[in-house]
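**Student:** Take the given structure of chain U and dock chain C to it, following the hints.
For the protein sequence lines, the chains are U and C, in the order given. Per full-length UniProt numbering, residue 1 is the first one in the first sequence, and the count goes up by one each step. Per full-length UniProt numbering, residue 1 is the first one in the second sequence, and the count goes up by one each step.
Just to be clear, a hint being listed does not mean it is correct.
The list cannot tell twin chains apart, which means a pair is met if one copy fits it or any two copies do.
Here are the simulated EDC-like pairs of lysine to aspartate or glutamate, each with C-alpha atoms no more than 20 Å apart in a straight line [what the hints assert, rightly or not]:
#, residue 1, residue 2
1, K121, E106
2, K48, E64
3, K13, E64
4, K111, D196
5, K121, E103
6, K13, D196
7, K217, D68
8, K212, E39
9, K13, D125
10, K13, D170
11, K144, D15
12, K54, E41
13, K186, D137
14, K148, D137
15, K155, D16
What the hints contain is simulated information worked out from the structure, not anything from laboratory work.
There are 2 protein chains.
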Amino acid sequence: MRILITAGGTAEKIDDVRSITNHSSGRLGQTIAEKFPKEVEIDYITTKQALQPKGDNIKIYLIESTTDLAKKMTELLEKNPYQAVIHSMAVSDFTPESSVTMETLEETISKNPTDLANALKVAADSRTEKKISSNTDHLVIILKQNPKVISIVKKIQPETILVGFKLLVDVPMIELLNVAKASLEKNQADFVLANDLTEISGENHHGYLLNKNGKVKEAKTKSEIAELIIQAVTEETK
Amino acid sequence: MRILITAGGTAEKIDDVRSITNHSSGRLGQTIAEKFPKEVEIDYITTKQALQPKGDNIKIYLIESTTDLAKKMTELLEKNPYQAVIHSMAVSDFTPESSVTMETLEETISKNPTDLANALKVAADSRTEKKISSNTDHLVIILKQNPKVISIVKKIQPETILVGFKLLVDVPMIELLNVAKASLEKNQADFVLANDLTEISGENHHGYLLNKNGKVKEAKTKSEIAELIIQAVTEETK
Numbered sequence: 001m002r003i004l005i006t007a008g009g010t011a012e013k014i015d016d017v018r019s020i021t022n023h024s025s026g027r028l029g030q031t032i033a034e035k036f037p038k039e040v041e042i043d044y045i046t047t048k049q050a051l052q053p054k055g056d057n058i059k060i061y062l063i064e065s066t067t068d069l070a071k072k073m074t075e076l077l078e079k080n081p082y083q084a085v086i087h088s089m090a091v092s093d094f095t096p097e098s099s100v101t102m103e104t105l106e107e108t109i110s111k112n113p114t115d116l117a118n119a120l121k122v123a124a125d126s127r128t129e130k131k132i133s134s135n136t137d138h139l140v141i142i143l144k145q146n147p148k149v150i151s152i153v154k155k156i157q158p159e160t161i162l163v164g165f166k167l168l169v170d171v172p173m174i175e176l177l178n179v180a181k182a183s184l185e186k187n188q189a190d191f192v193l194a195n196d197l198t199e200i201s202g203e204n205h206h207g208y209l210l211n212k213n214g215k216v217k218e219a220k221t222k223s224e225i226a227e228l229i230i231q232a233v234t235e236e237t238k
Numbered sequence: 001m002r003i004l005i006t007a008g009g010t011a012e013k014i015d016d017v018r019s020i021t022n023h024s025s026g027r028l029g030q031t032i033a034e035k036f037p038k039e040v041e042i043d044y045i046t047t048k049q050a051l052q053p054k055g056d057n058i059k060i061y062l063i064e065s066t067t068d069l070a071k072k073m074t075e076l077l078e079k080n081p082y083q084a085v086i087h088s089m090a091v092s093d094f095t096p097e098s099s100v101t102m103e104t105l106e107e108t109i110s111k112n113p114t115d116l117a118n119a120l121k122v123a124a125d126s127r128t129e130k131k132i133s134s135n136t137d138h139l140v141i142i143l144k145q146n147p148k149v150i151s152i153v154k155k156i157q158p159e160t161i162l163v164g165f166k167l168l169v170d171v172p173m174i175e176l177l178n179v180a181k182a183s184l185e186k187n188q189a190d191f192v193l194a195n196d197l198t199e200i201s202g203e204n205h206h207g208y209l210l211n212k213n214g215k216v217k218e219a220k221t222k223s224e225i226a227e228l229i230i231q232a233v234t235e236e237t238k
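One chain only, chain U, in its complex shape:
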């Protein structure tokens, strides 16, 4: 059995000295990888900031941005057949497209462009300094939506078991489950682990594992979540 796990959080460059970072310790991915039986071969994609699992059966691949992640996942999925893909990485939904001062924003707006995002990109590109000067009250960063990396998985390997993750912040349980279910369907995932940031603290980690038939299993810790996922993947591959 060979599986692919992603964990940690991506970082998207704003300029040469700044990034937008998605927080994730990588501890849940680490726990999952280390709890799999040692005969399972694991390819593990993460970042240098995240905690890394240890084991002779685990091969680590380091990436930074969402673009790096998409590239590495495509490469690995095209090369190796995986029984399961556990995609726990906190992937940035957006990546910086341009950054301008508030003055440039107002100046650009005053020209009534039909495509404001594009006009701001043109304005930003015409700036010569590589690091924006701090001599302005407000800075405006325009981000564009990233392609959904998770959609790569079933395109390349329709038969693999895909476990997605959905993290929300401080929402009612019913909303969390509904959003997770929609995410499962949209991404053709077989399972989704739904969790809420306000219910995560170190090893304590409240989560719900949903399957395609709407069945839900609950876990209270990272270890329990790892066990639920490993059990689900193992049963599904029998």
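**Tutor:** Quick look at chain C alone, frame taken from chain U:
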């Protein structure tokens, strides 16, 4: 002798899951701290992502944001007399004030507000979700300028020797030195270490140490920079 060193890079929260991070390994600060004679007492402010110096004479204080840094520096400067403050931390010039979709930006603009930044803040605050939905092409983050933390130093301890840092990206040497000189004067620093990101790679680190009289000393590695700074501070405190 007691000194205060800051190192690493600050992170400014966008929302509960994302931050804007200033990259800095903290290795230069680490090198400086460890090269000081062991009888020098060092208070060292850094982040949990940065490399940390080791030594019985070094006390570590962890912070995240620019606001945390300002608070911790003020507290330490009010409590302890420092012979020198070496401020190598990469401090974020801006902090996120609001984030809106491109649609909200355009809608807000169409109302011709007199203060666009403030109108966007009001629009963002009226949103109920804590994590912005990713169902939008473009996201716009408005950042406001942070107060300059370095200005705290001489206000509280006018007699301390202040070493500032100026990092630019891919500029001619003469521009680098001019910008560093202006920064020294503006911040009432006694020395400024001027460096260019394109000339930093691991231990290789090209830098110029400027003093108030316009004298410049050059270094090629992190160790050499550390030695220049320690020598300058030691001579100045004699």
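**Student:** Give a verdict on every hint.
**Tutor:** Status of the hints after comparison with the structure:
1. Proximity of K121 to E106 under the C-alpha cut-off of 20 Å is found in both arrangements, the shortest distances being 14 Å within a copy and 16 Å between copies.
2. Within a single copy, K48 and E64 get their C-alpha atoms as close as 8 Å, and across copies as close as 18 Å, so both meet the 20 Å cut-off.
3. Taking the shortest Cα distances, K13 and E64 sit within 20 Å of each other both inside one copy (9 Å) and across copies (19 Å).
4. In this homomeric assembly, K111 and D196 never come within 20 Å of each other (Cα to Cα): the closest approach is 43 Å inside a single copy and 36 Å across copies.
5. In this homomeric assembly, K121 and E103 come within 20 Å of each other (Cα to Cα) both inside a single copy, at 14 Å, and across copies, at 17 Å.
6. Within a single copy, K13 and D196 get their C-alpha atoms only as close as 27 Å, which misses the 20 Å cut-off; across copies the closest is 18 Å, which meets it.
7. In this assembly of identical chains, K217 and D68 lie within 20 Å of each other by CA distance neither inside one copy nor across copies; the values are 33 Å within and 40 Å between.
8. Within a single copy, K212 and E39 get their C-alpha atoms no closer than 28 Å, and across copies no closer than 65 Å, so neither meets the 20 Å cut-off.
9. When the C-alpha separation of K13 and D125 is checked against a cutoff of 20 Å, the pair qualifies only within one copy, where the shortest distance is 15 Å, while the shortest distance between copies is 26 Å.
10. Taking the shortest Cα distances, K13 and D170 sit within 20 Å of each other only across copies (17 Å), while inside one copy they are farther apart (28 Å).
11. Taking the shortest Cα distances, K144 and D15 sit within 20 Å of each other both inside one copy (15 Å) and across copies (17 Å).
12. For the identical chains of this complex, K54 and E41 are intra-copy neighbours only, at 13 Å inside a copy versus 38 Å across copies, given an alpha-carbon limit of 20 Å.
13. Taking the shortest Cα distances, K186 and D137 sit within 20 Å of each other only across copies (18 Å), while inside one copy they are farther apart (41 Å).
14. Taking the shortest Cα distances, K148 and D137 sit within 20 Å of each other only across copies (13 Å), while inside one copy they are farther apart (34 Å).
15. In this assembly of identical chains, the alpha carbons of K155 and D16 never lie at most 20 Å apart, being 34 Å within a copy and 32 Å across copies at closest.
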